[in-house]
Every structure is written in C-alpha cells, then in structure tokens.
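**Q** Chain residues, written in single-letter form:
Protein chains: 2
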Amino acid sequence: MPININNLFNSINKNSKMGDFQDLDHIDGLSISVTSANLYSKQRDDLVLFYFRNGVNHASVYTQSKLISENIKWNLKINKKKIKALLINTRNANAFTGKEGFKGLKILADSLSQELTQKQKSDEEKPIKVESDEILFGCTGTIGEIFPTEKIKKSIPDLIKKIKYTQNKYLWIKASMGILTTDLKPKLAMEECYIGNKLVKIYGIAKGSGMIYPNMATTLGYIFTDATISSSILKQLLKQNIHKTFNAISCDGDTSTNDMVSIFATGEVENSNLKSVKDKKLTEFNLSLHNVLLNLAKRIAADGEGASKFISIKVKNCRTDEDARKISFSIANSPLVKTAIAGEDPNWGRIIMAIGKANVNIIPNKISIKFGNITVIENGKLSNSYNESEAANYMKEEKIELLVNLNLGKKEFTSYTMDLTKKYIEINSDYRT
Amino acid sequence: MPININNLFNSINKNSKMGDFQDLDHIDGLSISVTSANLYSKQRDDLVLFYFRNGVNHASVYTQSKLISENIKWNLKINKKKIKALLINTRNANAFTGKEGFKGLKILADSLSQELTQKQKSDEEKPIKVESDEILFGCTGTIGEIFPTEKIKKSIPDLIKKIKYTQNKYLWIKASMGILTTDLKPKLAMEECYIGNKLVKIYGIAKGSGMIYPNMATTLGYIFTDATISSSILKQLLKQNIHKTFNAISCDGDTSTNDMVSIFATGEVENSNLKSVKDKKLTEFNLSLHNVLLNLAKRIAADGEGASKFISIKVKNCRTDEDARKISFSIANSPLVKTAIAGEDPNWGRIIMAIGKANVNIIPNKISIKFGNITVIENGKLSNSYNESEAANYMKEEKIELLVNLNLGKKEFTSYTMDLTKKYIEINSDYRT
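Note that the protein sequences, when read in sequence, are chains A and B. Our numbering puts the last residue of the first sequence at 435; the count rises by one with no breaks. Our numbering puts the last residue of the second sequence at 435; the count rises by one with no breaks.
One chain only, chain A, in its complex shape (with noise of 0.2 Å):
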C-alpha cells in the first residue's frame, strides 16, 4: 500500500512558519494554468504553464548528465535576465531526439511568445512584449520518443485561455498533479517567513518518481516566491541547499536526463536591498528555502515507485562530507538493503555490506548503527540489549530511520529513499505499455 504521506510529514516543518500545503494560496506575479494535450492515452493533465506577466528573476540548477534532453539545452542557452513563462510537459522527456526535440521547443516558444504577446495586450495597461528566449521548459516521461511538438502546439491557445492570474490550494494541487508521470501523490510544500520586516512566501511543487539519484538537481522542482532577489543570489542559494535535500534522495540510483530545479522570485513583495548570499536578512529565508527543498524531496522518496516505506540513512561522526555520504548512498542503493526492509525483515548484516562497500575507510569496532532507537551494532558488536524480536516490530512503521556512527569525525550526511518492492518491478517492467 502506499505511503500515506501526509501522516509522515506534517512534523517535518514543525520549527517553520508554516506546515501542511493546505494552506497554500497566491503568489502575486505568477499564473498558472493547467491542460490536457492528450499526450496520455487515459484523460489526465499533461500541461502545466507558469506565466510570469512581469517577468521574474530566476535560477536553475541541472543534471550532471553527459546525455541531457532537449529542453535542458534549450534552458541552458536563454541568458535573459528576467524570464516570462516555464512551460512543463510530462508523458515525453524529449531526451535523445536530436535537432528535432529542439525544433520542437523553439516552434512552441515561438507560438506561446506570440500568445502571451497578444494576452498582454487585452490585459495590461503598459503590455510587454514576450520574447521566446524568456520561456523554459521543463520535461519528463519517456525518452527517446519523437516529441509531440503538434499536439501541445494545438492546446497553447487552451492553455492561455486557462491562465488563472490567482491561485488557491486546489490550483497548486492540480499544476503539481499535471506534471507527474509514474508519482501517485501531488507533491507540494511552502513556508512564510521574513525578509527584513516583510513577509514573503516561498512556494514549491516537484515530481518524482523514478530514475530519482541525485547529481546536482534530481527530477523536476519549481520553487516560487514573492521576494524581491537577483537572480545570482537565488542561483548561490538553490546551489548551497541542493546539497542536503533534491541530492540526498535515490529512488533507485538512476540519473534522468531531464533533472531540474528552478526557483522563480515574481519581486512583488519589496523587501529591503540584499547584497549578497550573505546578507544576514536572508538567513530566514535560506531556512525557509531549505525547508522548502527538503519537505519535496522528502515527498519525492516517500512517493518513489512502488514504495510502501520512506526511509532516512543518517550517518555520522564521519572524517569528511563525502565519507558520509558515500555510506549513506551505499545503503540507500542497495537493493539487498531496501529488499530487507520491504520485506520488514531487520537485517543489519546488509547494513554492514553496504558500509563496506562504500570504499571508505573505517574502523570496524567503532561502528555503532541503530533502527529507530534500537541500538543493533555498538562498538562494532552486536549490542547486548538487541532483540531481534523488538527490532523486527520496528520494521513494521512505515517511516524508518536508519543511523550509523562512525566514531571517527564530525560531519554527517542523511539521504531519503524508499523500500524496493515487487510494485517497483512491476511499474517499471511495463512503464510503456
């Protein structure tokens, strides 16, 4: 059964302003609109636009992928400052289809810049004109398919026609459910906090839920607020917390071609003049963000294919970041490991395996690990009030935290992954069919 996830993070947010995505609203500067292009056989949501009528300063951080799709090189080629729209397909990753993929996207920036032209136009006091080079794509599903440039071309004037210049909860529910492919849960989050004296929101929305491992951005991500921010800060501020959030979840260690997370500040909220990344008025919203960051990236793991148990690896006391990092993953990755845990089976012995294999250099009888608050290894012994019994009725909960200890360092890392159960093989063994 799937995760209900709510349940298991209605804490997560409990030190920030704001906590369940019930309570999302507007975020003025931005619209959105949401469409079906019938780019599935079954009738769902395949098309969701973000429409920025003032234009919005932006940042986005991509695959480290050596083969990345068409409309990642698209993204990475616009070099306005301000960007007017985000258009994100599913069901078509438009990945491995050549100058083809790329005509595509430039024929339907060049309908959609023409369309919000003339929307500009019935609308706006002062109209501006939308070029082509100030709209992004994003895309996710299958790669390698001839990318369905008509089809979406034909629902532009449907997808303006939509365009919602406010928002409430039940929008951002459908906008984050128009962009899912295998995901069975919208995956939303927010916070509020200051900027200076003024109040800003910080709103985000990603899907999962395959082919989910971390290499700088994972899957797609769409962080919106009202501040005002140049573009360089919100750059070195989805850089510093990338880290620790979209880049400590694996699904099943596989890297898309279409990883994306973007952060969009509409500026409508005038908040006071910052420097730098530095600046010590944006340490609450540096919180915020990461939060933010965080709660989805959570979602994505929790939600990932075929899970019945979201679990967290944190792994402490390390000589360096990356030591931690690399025992993290190596347990988050092993099949061995998530097969255990699906099967609620507390088999530490492939928690051991996974350490070893992870090429970092250890000290066996320093080694302690707990599941829960059950200690299991101390000192690199089976500690003497294990029971396995106790151990195996934890098992059973359907958020489990995984610890191990170095005793070696100070730095630590926690990555977020699922269960692999027999629902991942049987998503991923007919995906297309």
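To be clear, the hints were calculated from the coordinates, so they are not data collected in a lab. Incorrect hints may have been included.
Note that the list lumps identical chains together, so a pair holds whenever it fits in one copy or between two copies.
Below, in silico cross-link-like pairs of lysine-lysine (DSBU-like), each with a Cα-Cα straight-line distance of 30 Å or less [stated by the list, open to error]:
1. K413 <-> K166
2. K368 <-> K156
3. K241 <-> K84
4. K163 <-> K75
5. K155 <-> K398
6. K176 <-> K283
7. K328 <-> K101
8. K155 <-> K176
9. K280 <-> K171
Assemble chain B onto chain A, guided by the hints.
**A** Showing chain B alone in chain A's frame:
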C-alpha cells in the same frame, strides 16, 4: 521461470578442448568430502572439504570491501607456501562476528589439522603432519549471525570419514551444490589444455547469487588444476584473468564481505618448468583458465537471484578501458534497464539514461546501440531500419545481447548480468525466514 543455463552456455567453449561439465572426472592430488552440519533448517549439504594430501600451490583474490569476513582475515594471515585443505561452509558468512568468529575458525582448523594428520598416519606411507595454518576457509551466508563453530566441529569426523580420493562428475556436482546459498543451479566448468607436451586439467566450481558486484573478486570461486605451477605464477594468472571474468559480472550491484576466488595446483602432472607468467608454454593454460573463469562467472550471472534472462552488455570503441567498464556497469546495474528487460520491453531510452549517468565523456551523435543484431541507434539517432515490434520480439529471448558503440576509440568491456524481477524481491525480502 529460471534460465536453462546449459542451453545458454553449451556454446561458449566452442574454441576450447572441452565443453560441458558433464566430462568432469578426477584431478590427481585432490580429495573431496561433502556433508551436512545441519546449518540450514531443511536437510541439505552445507560443508565441503577439499583435501590436498601432498599440499598444493595456491593463490587467491579477495573482496575489496572495507568490512571483510573473519575467514578472509584468517586466509590473509596464512603464509605457508603449500596448503593442505580448504573448508567451505554455507548458511553463515562469519562476517561481523568479531573475535569469536575468528576464534571459531581457529578451533575448526585445530580440529581439522588433528583429524587430517590422523588420516595421514593411517593412509600414507610417509605421513606428514597437517598444520592449522595450512587450512583455508570459505564462508558464505548471512552476515552477523553467531558462527556455528560447534555444529561444524561436530561434523568434522563425518567429513573425514567421507573423504573420497577419487572424483567423478557426480561428486563435483555434489560439492558445487554444497556451497550454494540462494543459487538454484550448481556452477561448474572445465577445460583441458597442454603445458608443453603435458595435458593438464582445469576444473572450477562457484556460487552466486546475491551481493554480486565485482570488486577484485566476486562471490566464491574455486579452481583446481593438476598442473605444476608455482604460487606466484598462479597469483599473476588469477589476477590477470579476473578483470574480464568474475569482475565483469553484476547481479545487484552489492559487494559481499566474503568474496573469494582461489586457484590450487596439485602438481601431480609434471609439466615442464615454467620461468614466469610470460612463459610461452603457459599461453594455452592462460586462455583455458580464462575460459573456466568466464564460464563460471556467466553461470553466476545467469543464475542471479530471480533471473529470467541473461544479459551481456558489450561497450566498444571507447577511449579507455575504464570508460567502457563504467558505461557497461552503469547499464548492468540500472534497475530501470533491468526491469524493462524483465518486462521484455525494448526501452532503449533507459540505455541512453544509463550511458548518460556513467560520467564518461561521449559524443552523442556518434553513439550506436544494438539489441542482438537489431540496430536501434545509429550515429546518435533512431535507426531508419528500427522496427519496435521486431525489437520486442527479440526481447522475448532468454539471452539478451546489448551492444553500445561509442565510436571514440578502441577499448571495450563486456559485463554480464540478469534482469530484475519480482522473484528477486521475493527472495530478498524474506531471505532469513
């Protein structure tokens, strides 16, 4: 359904002197004994002794895991030129069992050396003492459980009683089955070849079938020959042949704490003196050893947990060996590729993804990909001749061959793996129950 391994591999020895293991018979200077110490709850053999009554030259390669099992620690301490016995137990890996686990091996070695010395006295004209440090151990099974020293020790008299001085194929099959864990099939291979004008034999047995990912050596493999070859030459022969055989397979990307491949030369055939590993008289032996190791390695991959298909992934025309290896294993270890193959889906987009994430510099429009003889990608584009239903038909085969051609250089690497099925999950979620 499990793969019919014999159908798959009857052909691989085409160019060598012997084919199937149906022809295994006797190797002089070697004795085998197989029994059950009741280590499993069900009745099966779980203890296998190889006894070399005149001592043998030997060489081994071991796991590169940073957490190695107690038997590997024991073996690494052995510095006798000749050894007299190899005792293998299944069910318990004797890993992360600490000093107690190591002490258990000392107790077994002491007991075995006494009993074997006794047997020498009753059987041989010139009895020689068997020392504790002339015994090697192979252990496989669950990590972290208390090593069943007493149970095994109690079985030693029975093991001694059952020692057979001559072998036939049934005894070899029995021995190879006595070292299995979740494997479904015995894994044996053989070759015969000449060193100078002397015909020598090379026999091998191995086990899989979980925690299989190469790192120096993978899983258990034992090779026996009646040739006269020094330990130092054996070591070099083993090292140079392991890279493209045992180190070319992956079942699940997990590396065991217990991996071990050893070769033993009884020296009963008095072939001509060999000066070094480069001696031309060794050319044929070297090739035959490679065949035995490759044959066993392929059998391990084909019998990987839950396997319904055997997959070989050849990556050619790369700039470096390491590039070819990285891409080949990136594909072999991708759960998305492996589930697609389980579903008989020619989802080549996932191959593209796996190439992209391997962190190798490539030129996308030079890549070609084939499934068997079917060209899928040519010069970075979907081939004009590609026909999805033809490819889908090919995916129904039991033996799937993927070919990736980077067209950038001359180096190549082939890895071997199997598909990822629901059966894998089933086996591994309740392995210990």
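**Q** Does each hint fit the structure? Answer for all of them.
**A** Cross-check of the supplied hints:
no.: 1; hint: K413 <-> K166; result: neither (46 Å within a copy, 56 Å between copies)
no.: 2; hint: K368 <-> K156; result: neither (63 Å within a copy, 34 Å between copies)
no.: 3; hint: K241 <-> K84; result: within (19 Å within a copy, 58 Å between copies)
no.: 4; hint: K163 <-> K75; result: within (29 Å within a copy, 71 Å between copies)
no.: 5; hint: K155 <-> K398; result: neither (49 Å within a copy, 38 Å between copies)
no.: 6; hint: K176 <-> K283; result: neither (33 Å within a copy, 74 Å between copies)
no.: 7; hint: K328 <-> K101; result: between (37 Å within a copy, 28 Å between copies)
no.: 8; hint: K155 <-> K176; result: within (21 Å within a copy, 67 Å between copies)
no.: 9; hint: K280 <-> K171; result: neither (33 Å within a copy, 74 Å between copies)
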